[in-house]
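Novice: Chain residues, written in single-letter form:
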Amino acid sequence: MYVHMNMTESLRGIKIIGIILIIYAALVATHEGEFWPFSIYPMFSQAGNPWTRAMVLDVTELPDHIIWQEHQLDQKIAPPVPLRSIGVDQIDYSNFISKTEEWTPTRLDALRQMLGPSNIQDRRWMAAKVHGTLVGEDSVSVTIQPFLLVTADSIYTNPNLPPGYYQKGAQ
Amino acid sequence: MAWIKSITRGLFEPERNTSPGELWFFKFFELFVVCYTIYFVWKWGWYTQLRNVEVVLPLGLANYIDVSLFFDHYLTLINAAVITLLITLCFLRKGPKWLYMVVLVLFHLQHVIRFSQGEIPHSQHLIGMSVFCFAIGAWFFPGHKQMPRFVMGAIIFFIGLGYTSAFFAKLIGTGINWYDGRHLWLWISEKSIDILSREGVYSPNFLQQLALNSTAIASVILLIGWFTELIGFTMWWHKLRPYTTTLLIGMHFGITLTMNIRFDAFVMQLILVGFPWYLLIDNVVKSAPQWLEKII
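Residue numbers (our numbering), protein chains in the order written: chain F, -2 to 168; chain E, 954 to 1249.
Treat the hints as calculated values from the structure; they're not laboratory data.
It is possible that part of the hints are untrue.
Stated by the list, open to error - Here are some chain E residues the structure puts well away from chain F; computed CB gaps all over 12 Å: (1) V1006; (2) L1010; (3) T1127; (4) Y1155; (5) K1192; (6) L1223.
To be verified - So the derived list for chain E, only partly shown, Cβ under 7 Å to chain F, looks like this: (7) T971; (8) G974; (9) G1081; (10) I1146.
Don't be surprised by glycine CBs; every beta carbon is placed ideally from N, CA and C.
Could you build all of it, start to finish, from the sequences and the hints given here?
Specialist: Below, the structure is given as structure tokens:
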């Protein structure tokens, strides 16, 4: 048997934990709930809100007048590009598309680099936003909104969306 | 105050003697944390070097320094190498007692560099919190007399706190109707898009189909998970800990099945800290060699 932490030392332990807790609370309170590894663990705390994610669709084979049309998930017009196969984290990609407010030339180019011109080659990839929302009492509607057409060397915005849509403040 | 003493006894068990099994287990657990730390820092380092172009969402220290400076010139890989070296020294108890804290700061930096792209994942928090508790333990409670008890007690404290905090975040963020089954439908559909985007195909599993077919079943699933989070803090008391941990592990399996979110490191760590494994080891090992005592 070995000597072990006695009650006095244990109380010192809980005191130190108490001090850490104050620092923890101060850091998460001033950093929107996250200061890794401290967190208030807010995942899934806001329930019932509409959500936006993103996908990449391969629209190479589709005619131009079809590719920009908004449509429902169950009537998907083109196959998704599996992001794992090109080494891109789908959550990163999704956040990049849905959280970017100002689509500057740098940001547009960053998207093209993220997907990788060597992966795109001579294909045409549609970066699409996907919106989900509760409809009525008992169903969820999932809409695909074509957003940016990406080729190996260029990016095109959706002509059906208002010009200000790609600037800050628009959604 | 009685309740503080009760929590203190629950976490640090001052009346119980330290056994050889406890020392072996503690060092094994530290090895687990060290291995995961090394795995994470290299994984994040490579991803950043290959993929990160611009800071989308600054977290932690990235609010104060421009972490895009680390996206090139192999700086994240150099940081990973430095962390690997330093944490190995810490594991062997070489160097100053604040060295673990340096590891934590570099680990934090690596995290905010990698996760500056908009995603705020929570699956690596337990490993991060463990390194933090090792850092505090090595600094303020060094030696085999105090460090194992303090580190394990502190980790358990913050795990329990985290789950209960998650319960209240939901209560405050949404209200008492958080468990409405239709909320689960929204999340299942949201996660299905992530899977579709990642794999190119998606089909709901049995539990998801069950939840999608009935609001009542979906609500019950959410309610069970939410209640389990609420009682997370009960793991502060060692007698309740195995039961609470079993429920939490069950909840994680439920989340994996309904929302396709996996928590490998999280669940493994829960399995390690939630049960008194030292009792098993004591049946086999009757002593701890001197070299082991030296590195505790």
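Novice: Which constraints among the numbered hints does this structure fail? Numbers only, ascending.
Specialist: Numbers 1, 2, 3, 4, 8, in rising order.
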